[in-house]
Amino acid sequence: MEFLNYLISGISLGSIYAIIALGYTMVYGIAKMLNFAHGDVIMVGGYISFCTVFYLGLPSWLSVLIAMAVCTVLGVVIEGLAYKPLRSAPSLAVLITAIGVSYFLQNAALLIWGATPKVYVPVVEGSMPLFGGKLSISYVSLLTVVVCIIIMVGLTLFTGKTKMGKAMRACSEDKGAAQLMGINVNRTISMTFAIGSALAAVAGVLQCSFIPMLEPTTGSMPGIKAFTAAVFGGIGSIPGAFLGGLLLGIIESLAKAYISTQLANSIVFAVLIIVLLVRPAGLLGKYVPEKV
Amino acid sequence: MGRVNRGWKGLKKSTKTDFATYLGVIAAFVLVNALRGGGMLSSSLTGQLVPICCYIVMALSLNLTVGVLGELSLGHAGFMSVGAFSGIIAAMSLQRAIPFAPVRLAVAMAVGAVFAALAGVVVGVPVLRLRGDYLAIVTLAFGQIIKDLLTCLLVGYDSDGLHMAFNLSGTLTINDLGLKEGGIAIIKGAQGATGTVTIASFAAGFVLIMIALAVILNLVHSRSGRAIMALRDNQIAAESVGINVTKYKMMAFVTSAALAGAAGALYGLNYGNLLASKFDFNTSILVLVFVVLGGLGNMWGSIIAATVLYILPELLREVRDYRMLVYAIVLILVMLATNNAAIKGFFARIFRREKGGAVQ
Numbered sequence: 001m002e003f004l005n006y007l008i009s010g011i012s013l014g015s016i017y018a019i020i021a022l023g024y025t026m027v028y029g030i031a032k033m034l035n036f037a038h039g040d041v042i043m044v045g046g047y048i049s050f051c052t053v054f055y056l057g058l059p060s061w062l063s064v065l066i067a068m069a070v071c072t073v074l075g076v077v078i079e080g081l082a083y084k085p086l087r088s089a090p091s092l093a094v095l096i097t098a099i100g101v102s103y104f105l106q107n108a109a110l111l112i113w114g115a116t117p118k119v120y121v122p123v124v125e126g127s128m129p130l131f132g133g134k135l136s137i138s139y140v141s142l143l144t145v146v147v148c149i150i151i152m153v154g155l156t157l158f159t160g161k162t163k164m165g166k167a168m169r170a171c172s173e174d175k176g177a178a179q180l181m182g183i184n185v186n187r188t189i190s191m192t193f194a195i196g197s198a199l200a201a202v203a204g205v206l207q208c209s210f211i212p213m214l215e216p217t218t219g220s221m222p223g224i225k226a227f228t229a230a231v232f233g234g235i236g237s238i239p240g241a242f243l244g245g246l247l248l249g250i251i252e253s254l255a256k257a258y259i260s261t262q263l264a265n266s267i268v269f270a271v272l273i274i275v276l277l278v279r280p281a282g283l284l285g286k287y288v289p290e291k292v
Numbered sequence: 001m002g003r004v005n006r007g008w009k010g011l012k013k014s015t016k017t018d019f020a021t022y023l024g025v026i027a028a029f030v031l032v033n034a035l036r037g038g039g040m041l042s043s044s045l046t047g048q049l050v051p052i053c054c055y056i057v058m059a060l061s062l063n064l065t066v067g068v069l070g071e072l073s074l075g076h077a078g079f080m081s082v083g084a085f086s087g088i089i090a091a092m093s094l095q096r097a098i099p100f101a102p103v104r105l106a107v108a109m110a111v112g113a114v115f116a117a118l119a120g121v122v123v124g125v126p127v128l129r130l131r132g133d134y135l136a137i138v139t140l141a142f143g144q145i146i147k148d149l150l151t152c153l154l155v156g157y158d159s160d161g162l163h164m165a166f167n168l169s170g171t172l173t174i175n176d177l178g179l180k181e182g183g184i185a186i187i188k189g190a191q192g193a194t195g196t197v198t199i200a201s202f203a204a205g206f207v208l209i210m211i212a213l214a215v216i217l218n219l220v221h222s223r224s225g226r227a228i229m230a231l232r233d234n235q236i237a238a239e240s241v242g243i244n245v246t247k248y249k250m251m252a253f254v255t256s257a258a259l260a261g262a263a264g265a266l267y268g269l270n271y272g273n274l275l276a277s278k279f280d281f282n283t284s285i286l287v288l289v290f291v292v293l294g295g296l297g298n299m300w301g302s303i304i305a306a307t308v309l310y311i312l313p314e315l316l317r318e319v320r321d322y323r324m325l326v327y328a329i330v331l332i333l334v335m336l337a338t339n340n341a342a343i344k345g346f347f348a349r350i351f352r353r354e355k356g357g358a359v360q
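Taken in sequence, the protein lines are chains F and G. Note that my numbering numbers the first sequence so that position 88 is 88, with each residue one more than the last. Note that my numbering numbers the second sequence so that position 88 is 88, with each residue one more than the last.
Hint data in this document are derived by calculation from the structure and do not stem from the laboratory.
Pairwise CB distance ranges (calculated):
1. Leu56(F) to Leu315(G): 35 to 43 Å
2. Val125(G) to Thr156(F): 36 to 44 Å
3. Glu239(G) to Arg169(F): 31 to 39 Å
4. Leu110(F) to Gly345(G): 37 to 45 Å
5. Gly345(G) to Met181(F): 28 to 36 Å
6. Glu173(F) to Thr338(G): 28 to 36 Å
7. Gly80(F) to Glu239(G): 36 to 44 Å
8. Ile259(F) to Asn175(G): 22 to 30 Å
9. Lys161(F) to Leu172(G): 55 to 63 Å
10. Asn175(G) to Ala69(F): 52 to 60 Å
11. Val125(G) to Leu56(F): 53 to 61 Å
12. Ser240(G) to Gln179(F): 28 to 36 Å
Facing chain F, according to a computed beta carbon distance under 10 Å, are these residues of chain G, among others:
13. Lys147
14. Ala190
15. Val330
By construction, the Cβ of each residue, glycine as well, lies at the ideal position given by its N, Cα and C atoms.
If we strip away everything but chain F, and leave its shape as in the complex, we get:
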């Protein structure tokens, strides 16, 4: 029973990582950049949702929609101002710019909302007892898992069936060729950032419902973990991000319970290293040998 409890909390934690990793992996797949500011968009999403509930007294579901809208705009603005001018620059320059954006968002949040942690009210409360109360699943966990599966299926359908989704895949394959086929590459990339940021807002709300503390640095660790998850599953692959996130959450939760709380993160990273040594492109990533 105990084991099942840890497993369930691992799965819901993993679902949050998966949602963030999906955003990471989409942006990476298309723009070939590590968007270190992604974790901070999560934090902004959490704060927006907090403010709409706390100051405006709006219902939770509406606050999620508002957070998604704000983060979508934020994502597109960041992309337009900071990343678009660097489209042809070396990847390290883009990486440092992303770090600059991350610093900017954290410090802006620090100025606006202060350093004192805010206590977030979870979007849903209570839990569902199972097996006569021996096991309980909180509704937040259930919601997280359901939302994660919906997003995952939605994204797979979107990239597989719609025109925009196909354009995204084309751009991630070969930007030049995509442009020749009449695809507007810049608009496609903006769209990817919009979707990724909206997902980050959802992840922010769920993350804050799971651990109801909100600080300017709330997003950094989940951001790094989700990045790890995306690489774990094979960066650029949507099912890979889902699988990577889920596994990462489960490993973390079980390591915390059975091995050591302090070393839980280290164990997660150690597993990542071992997996990458055996499969250098991640679990579901395609390994493309370099040809001369």
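We have chain F; now place chain G onto it with these hints.
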């Protein structure tokens, strides 16, 4: 060339740049010392001289990995922390054996370098098999693991020698080491190193920068350095002409780790209290920012970028709450400006005019 060139004009361009770099560092050291002697430096700036030296060496060593070897490392602070903690342990336990502080500092820095080099070998063997972003994430992972492991470390010293324990369960305290009367606790797990006798000095920092420069510049201009750069530019082509990939990659990576360890030891011995969490992902990123802004493979660029960017938040103290915000904006604007085609073209035109029409 058949003709033997004498004097400044006859030197190679890279040799001139190297000399200018050494001279610049010496001049800066003399100038800062003169200013300090004249009481012209504020106390907050004086307190930052040693950390600045440490970060300069960190930037130089990371530049070897990122700029010269061409592999993105996001865990460089891990080596710094290995150096810092092993250096602190060495310095604190040798207090009686070597009473003269500068020698003890030198020994501690050497110990820090050796342990960081060992960590570099352990990390390098798996990491250097990977490529690109996968390599980056694994260095990040190792950085986090090193930080977490050091957070669990308990070290004390008494007449029997060193006592160590590994606080995996989180329940051990420094008392469990069973130190004898007169023993000292050096590292107290999550509380980090406390009560360290601070023996770091600006002069030692200067010497360390000169050593780091000499090591890196000589390596870069040697046969091995050319092999390393060939690997950076095209690994397959380099391999096909018989360059041993693992050997040269490890050479650059381990040298870089050792220098970071020495810098870490100096840094650790500059503070009475030091937490392992100081050397987290953000510190690695901070050093990476120095390297990229200074220019990849450009050593004097790293020195200037590290100095300016380390002091910048201090100078921005005027605007208090907004200083990190301003820092972030400056960072983004600099990256946008240095990669803007129009601005690049403008500078290229100016430099071309100065060189008398010489086209690159």
